[in-house]
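J.: This is what each chain is made of:
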Amino acid sequence: MILMDGYLYYPGCTLKTKASDYEQSAIAVMEALGKPLVEMDDWYCCGAVQSLTTDDLIHQIAPIRTMCCAQEQGENTLVTLCDMCYNVLKQANQRVKDQPENLDTINDFLDEDPDYLGEVEVYHLFEILRDMKKEISKKVVKPLSDLKIAPYYGCMLLRPTGIAIDDTEDPKIMEELLELIGVDVIDNPKRTECCGSYHSVNRSDIVEKRVEDLVARAVEDGAEAIALSCPLCQFNLDYYQRTTDYDIPIFYLTELIALAFGLEVGMKKHWVDPKKMLKDKKILE
Amino acid sequence: MPEEKEKKMIDIYVMGRRYKVPEGLTIMTALEYAGYKYVRGCGCRGGFCGACSTVFRNKDDYKLKMDLACQTAVEDGMFLVQLPFVPSVRTMYEVDEIEPEKDDNLLLEHYPEIARCVSCNTCTKACPQDIEVMDYVQASLRGDIDRAASLSFDCIQCGLCSIRCPADIKHYHLAQEARRIKGKYIDTHSEQLKERVKELDGCVYDERMKELVKMSKEEIKIVYDKREFKKGE
Numbered sequence: 001m002i003l004m005d006g007y008l009y010y011p012g013c014t015l016k017t018k019a020s021d022y023e024q025s026a027i028a029v030m031e032a033l034g035k036p037l038v039e040m041d042d043w044y045c046c047g048a049v050q051s052l053t054t055d056d057l058i059h060q061i062a063p064i065r066t067m068c069c070a071q072e073q074g075e076n077t078l079v080t081l082c083d084m085c086y087n088v089l090k091q092a093n094q095r096v097k098d099q100p101e102n103l104d105t106i107n108d109f110l111d112e113d114p115d116y117l118g119e120v121e122v123y124h125l126f127e128i129l130r131d132m133k134k135e136i137s138k139k140v141v142k143p144l145s146d147l148k149i150a151p152y153y154g155c156m157l158l159r160p161t162g163i164a165i166d167d168t169e170d171p172k173i174m175e176e177l178l179e180l181i182g183v184d185v186i187d188n189p190k191r192t193e194c195c196g197s198y199h200s201v202n203r204s205d206i207v208e209k210r211v212e213d214l215v216a217r218a219v220e221d222g223a224e225a226i227a228l229s230c231p232l233c234q235f236n237l238d239y240y241q242r243t244t245d246y247d248i249p250i251f252y253l254t255e256l257i258a259l260a261f262g263l264e265v266g267m268k269k270h271w272v273d274p275k276k277m278l279k280d281k282k283i284l285e
Numbered sequence: 001m002p003e004e005k006e007k008k009m010i011d012i013y014v015m016g017r018r019y020k021v022p023e024g025l026t027i028m029t030a031l032e033y034a035g036y037k038y039v040r041g042c043g044c045r046g047g048f049c050g051a052c053s054t055v056f057r058n059k060d061d062y063k064l065k066m067d068l069a070c071q072t073a074v075e076d077g078m079f080l081v082q083l084p085f086v087p088s089v090r091t092m093y094e095v096d097e098i099e100p101e102k103d104d105n106l107l108l109e110h111y112p113e114i115a116r117c118v119s120c121n122t123c124t125k126a127c128p129q130d131i132e133v134m135d136y137v138q139a140s141l142r143g144d145i146d147r148a149a150s151l152s153f154d155c156i157q158c159g160l161c162s163i164r165c166p167a168d169i170k171h172y173h174l175a176q177e178a179r180r181i182k183g184k185y186i187d188t189h190s191e192q193l194k195e196r197v198k199e200l201d202g203c204v205y206d207e208r209m210k211e212l213v214k215m216s217k218e219e220i221k222i223v224y225d226k227r228e229f230k231k232g233e
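Chains as they are written, first to last, in the working numbering: chain C, 1 to 285; chain Z, 1 to 233.
With the rest of the complex left out, here is chain C (with noise of 0.2 Å):
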């Protein structure tokens, strides 16, 4: 490990444009915890969906090619923050190893670049914190106790099994980051369905739908807003709340963790605008 105080982090073409909130609030958070995340010299767009087609290596290129890039800078842990990205990153990795013919194929492509030696571990940051929890409420200055906060997974951080965070269907691990910063947590029984994905594209009916769906349960439980980690799954919860009768902060974890150690960081490109919230609670000033 060349890294000793930190993790060598993989952003995403998204957290560098519209997700820039998420990128933000978790480096402030990673910075404060002492362990900051290293933004790696090199990397390559995921392709944001893995390919399941078992002959379609074209695909994993990209993925690989990002590992080789990890493995060069002299690192076998590498961080992500999307959901799509950690999904692809992780199944693509897998499946290299797994399936050692497929890395040979891959490596013989790469040509003249140096092999993919399968030996790099793809981590959601969400995994980082969870093993974290002491230095996590250290920093807490914070604590968001007036805040009723519905957690949400989505699809990509637990299916397939194989490379889910936790528990598939029963997952805790963001329940318990948000307890840790004092939020009063309101159990979500819809956290791990769907939010139609990239449906928003061309079929935005569906999504409306889904949106609908999510936030109506989530608000009858009293929760005020929603925290989640996926770029994809806030823009969906965030932008389609416009088609229902819902306007609630969908948060992303990490700008509630910053917010708990005084850092107002990120909240800066969401269509329902958390800071009104954050205000009228005399959270933010």
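Among the clues, some could well be false.
Stated by the list, open to error - In the DSS-like style, the derived pairs of lysine-lysine whose C-alpha atoms are separated by at most 30 Å in a straight line are:
(1) C:K268 <-> Z:K37
(2) Z:K102 <-> Z:K184
(3) Z:K125 <-> Z:K37
(4) C:K18 <-> Z:K170
(5) C:K190 <-> C:K276
(6) C:K279 <-> C:K97
(7) Z:K210 <-> Z:K182
(8) C:K268 <-> Z:K102
(9) Z:K214 <-> Z:K198
(10) Z:K226 <-> C:K16
(11) Z:K125 <-> C:K16
(12) Z:K182 <-> Z:K170
(13) Z:K194 <-> C:K275
(14) C:K269 <-> Z:K102
(15) Z:K182 <-> C:K269
(16) C:K97 <-> C:K269
(17) Z:K182 <-> C:K16
(18) Z:K102 <-> C:K16
(19) Z:K102 <-> C:K279
(20) Z:K217 <-> Z:K184
(21) C:K276 <-> C:K16
(22) Z:K194 <-> Z:K217
(23) Z:K63 <-> C:K16
(24) Z:K184 <-> C:K18
(25) C:K268 <-> Z:K182
(26) Z:K125 <-> C:K97
(27) C:K269 <-> Z:K184
(28) Z:K102 <-> C:K276
(29) Z:K102 <-> Z:K59
(30) Z:K102 <-> Z:K125
(31) Z:K102 <-> C:K18
(32) C:K209 <-> C:K269
(33) Z:K182 <-> C:K18
FYI, nobody ran anything at the bench for these hints, they're computed from the structure.
Position chain Z relative to chain C; hints supplied.
T.: Frame of chain C; chain Z shown alone:
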């Protein structure tokens, strides 16, 4: 002349047909030696304009190679073809009306096919200018216009990247937009330059020109070295 006699003749294949040409010629001059006349696919002959993109294969090599015909020497047993034109699509935009500050993924909107990049790196291998083509496509994807423009600076728009791309990305048009945006919206602008351009529009250069014309080479050198720049904000 004895030198001429010693010049070795080699075989090249132009669109499958064999010709004997002297060793040491560029692909461009070898084709002309063989009797072809360029109507398209030829421009500056100096490696700058990108018009003479060519595809070839060396003897006993399975790989197709790309380069500029005016910059590449023929080799014995080479298979050649000239590409007259690259029929690639280009997005129309008004550079004064776009708002890259407000839109963090403008290039992706103008060229959505860049999201199809699978990082195969075939574009980079095809580039006769040794540009990191895949890397600037990746930079564009993540909204890093500055990096895309800088990486692609040496592009001569030959189009070989786009011909080879399995994702049908139009790299060179994308890169040109990145450089235009960088020039207009990212780079610093010199007020001094703006004023001078205004002056030039009003033909305020005659007097200065007269002075320069009268100067010796040495005097001009001194004036050049002492010229002043004001950096933009």
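J.: Next step is simple, just say for each hint if it's right about the structure.
T.: Results for each hint:
no.	hint	result
1	C:K268 <-> Z:K37	violated (61 Å)
2	Z:K102 <-> Z:K184	holds (15 Å)
3	Z:K125 <-> Z:K37	holds (29 Å)
4	C:K18 <-> Z:K170	holds (24 Å)
5	C:K190 <-> C:K276	holds (26 Å)
6	C:K279 <-> C:K97	violated (49 Å)
7	Z:K210 <-> Z:K182	violated (36 Å)
8	C:K268 <-> Z:K102	holds (13 Å)
9	Z:K214 <-> Z:K198	holds (25 Å)
10	Z:K226 <-> C:K16	violated (43 Å)
11	Z:K125 <-> C:K16	holds (27 Å)
12	Z:K182 <-> Z:K170	holds (19 Å)
13	Z:K194 <-> C:K275	violated (42 Å)
14	C:K269 <-> Z:K102	holds (11 Å)
15	Z:K182 <-> C:K269	holds (24 Å)
16	C:K97 <-> C:K269	violated (38 Å)
17	Z:K182 <-> C:K16	holds (18 Å)
18	Z:K102 <-> C:K16	holds (14 Å)
19	Z:K102 <-> C:K279	holds (26 Å)
20	Z:K217 <-> Z:K184	violated (35 Å)
21	C:K276 <-> C:K16	holds (25 Å)
22	Z:K194 <-> Z:K217	holds (28 Å)
23	Z:K63 <-> C:K16	violated (37 Å)
24	Z:K184 <-> C:K18	holds (23 Å)
25	C:K268 <-> Z:K182	holds (25 Å)
26	Z:K125 <-> C:K97	holds (28 Å)
27	C:K269 <-> Z:K184	holds (25 Å)
28	Z:K102 <-> C:K276	holds (23 Å)
29	Z:K102 <-> Z:K59	violated (53 Å)
30	Z:K102 <-> Z:K125	violated (34 Å)
31	Z:K102 <-> C:K18	holds (11 Å)
32	C:K209 <-> C:K269	holds (23 Å)
33	Z:K182 <-> C:K18	holds (20 Å)
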